[in-house]
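Asker: All chains, full assembly: derive it from the sequences and hints.
Protein sequence lines, in the order shown, are assigned to chains A and F. Letter by letter, the first sequence follows residues 17 to 231 of the numbering used here. Letter by letter, the second sequence follows residues 55 to 651 of the numbering used here.
Since the hints were derived computationally from the structure, they do not count as laboratory data. The hints are all genuine.
Label pairs and their computed distance ranges (CB to CB):
no., chain 1, residue 1, chain 2, residue 2, range
1, A, P22, F, D613, 40 to 46 Å
2, F, E258, A, T199, 44 to 50 Å
3, F, N304, A, R79, 28 to 34 Å
4, F, E587, A, G74, 45 to 51 Å
Examples of chain F residues lying across from chain A (beta carbon under 10 Å, computed):
no., residue
5, M351
6, T354
7, P379
8, D382
9, I383
10, A391
11, E437
12, D441
13, L640
Quick reminder that beta carbons are idealized off the backbone N, C-alpha and C, glycines included.
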Amino acid sequence: MTGKLPGPGPGERMRPEGRRNEDGIRIDPEAEAKHEPRRAVLSALVEHEPGVLAEVSGLFSRRQFNIESLTVGTTVDESRARMTIVIEETRPGIQQAKKQLRKLIPVVSVRELDHDSIQRELVIVKVNGEEPDKVHAITEMYGGETLDAGPRTITVEITGNEQKIDDAIDAYKQFGIREIVRTGYAALARGEQQTAEVEPEVKLTADSQTPADDD
Amino acid sequence: MSDSAQTPHADEVEREAADERPDEPDDESHVEPIETGADAVVSALKNAGVDHLFGVQGGAIMPVYDALYSESDMTHVTMAHEQGAVHAADAYGIVTGDPGVCMATSGPGATNLVTGIADASMDSDPLIALTGQVPTDLVGNDAFQETDTIGVTQPITKYNRFATSPDEVGDDVSTAFALADEGRQGPTLVDLPKDVTQPETDVEPGKPETPDTYNPPEKADAEAVSEAADVISDAEKPIILAGGGVIKANASDELRAFATEYDIPVMTTMPGTGAFDQTHELSMGIAGMHGTGYANMAITLTDCMLAIGTRFDDRLTGDVKTFAPDADIVHVDIDPAEISKNIEADYPLLGDAKAVLDQLSDAMTDAPDADAWREQCQTWKDEYPLDYEMPEDRPLKPQYIVEQFDEAMPDDTIVTAGVGQHQMWAWQYWTWTEPRTWVTSHGLGTMGYGFPAAIGAKLAKPDKEVIAFEGDGSFLMTSQELSVAVRENLDITIVVLNNEAVGMVRQWQDGFYEGRRMASEYPWVPEFDKLAEAYGARGFRLEDYDEVEETIEAALEYDGPAVVDAIIDPEENVYPMVPSGGDNSLFALSEDHLDEI
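Answerer: This is the structure we're talking about:
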């Protein structure tokens, strides 16, 4: 082995005082800050053209974002589609997901929706049909609709937020659930607020977070 | 393997090649009318100012080649392999700043471009890839030489487009040009089905324009600039970390002006090499895994880092927990997604590096009071110089060979390199003074990159000297491009630092795998000087110190491709070294230190 370079060895060198965490954020060396994951609902307005969904889902898988659901559909403007993407990430992860998403050329705007935004999911549940009256009662209770009823199965539809749907599914379990399909979230900002921020997000300062990021 | 001229689809090509090219038009203003989709593609290339194309013919791309047949403004360079074409085009883009263009047919032609496209993506190089595709009615049928090129290249392109109409294909190519070039540069691809390029159209493509929704920032927010300027002014231990973005933005002059006016030491990342003159007293050299000891000490102990156009690659940062942990980070970048991706930015400045450096200059009130820090930096430079032992007997030291070529060649020489130990020695021991002179595969680490890149660089800058450093393992991967260098009579010197091994792997095996040299030793490599002669190039074998001077002189004097097969010390390693994911300031100066850190 050759290549011996001059200079003091590792043990004799000056050392820094500070430290960062694994997200590259400077921390108090005495008390390491740890970011907890949270759920974020992102709404993206995209060009309605072939391949956009593959591009978005590919971005999320190759960057290892933890995606919970993704829905897509057209908007009033036929050339645009809206995606609702639910992810579970730490705050830096959510920020990065938003910025990476915005980088895709067909993506027009990206926004994280507030907690009070309107968020709905549809579930279709097929249960055993031996007790139709009880199934109907539960469907009524959750404001659902019976889509198909036969001698052996009953298929119902429930719409609502995640908690309501989870509760309804729990209630149907007593009959024996044969199949379930859930759509994932569709969401819009509440009231006068626009769901899509059409202006590009150019101004960026160290503390610039959307209100929903401040939790 | 990409030649499908004898396939059933080839008979779709109605026009047969004439024996000779038609006479060139007498009138310079004469413009060939657009008749087909392929003509529209060529017209878009001309509108974008393309003068060289690098590619390989094949069945599905034939209509585009046919449209180039009578084209006299652009030169098509046929390469031996599509990988050679994409690396040559990539280098063309790096040294000129304008997108390089490569072409390939469908299927294997397109997939052979993939490595080079990924390379350009990692290094934000402006690159256009045009790929042939089977006719749209065969797409999805596993047709002969069909690949989902759009699907395959989606994660590694800034933008890709499956052309669907002969009337629109010219605009598709124009858009690809605009997007490759504007904002953060990168590779774009247009996939060209044969039934889009062959049919008739008379639609002229528009000028290159980006979509309305694409709005890269130019100037940073004034308030943010002012805050950042105050932080820099107040710093006691400031440094500037210049990344590849400085070179992409042509901001080297602004960087030099800013650093000298405010007396701030400057170091570069590997892609940023050449952004700042290493002979300047403020230069702190190169940082990262195999950067200088003094740069890595300063990067760790700074209290204020102005980082420009860098993505904080893990080869630069090592363990992020120990990367500049005492520093306020002012991060200038044109891509918002780079801000706080790996290292949290305390003062993000979104914009073009050239514009933002001007803004920062205007906003600065005082130079930092950093005399003591500069003295400390000088102490580190004295303590940790790059050095190597050079016994006068054999074997040759690679560092010495790099230094001798550096001395013999002009400052503005373009240096390309493959990937491995030779790349690191070239990086460490060449004296970098100018931007766009260091051309290598930074982010992807593509072995075999250096030589085809030298071909692209020489064709882009024929008046400049071009030298390619390759390793024996790296050169083996693309040495067939010697046929191109000879055919084009390119005056390139290729120096193979030959240690009969993939040396960087061998170094890691020795350091971290108890010396188990699994599949890393190459005692069977050919004699590269003889290989060169077989292709019609000049070959030199260099084994002794007393041959170095005359070999360099003869190789540089030869007007054409010359290969110097330099047989180097097979046990020489690259130091300093920060082990992967290590603490930058705990760099090893020899193998002995690897156990300590």
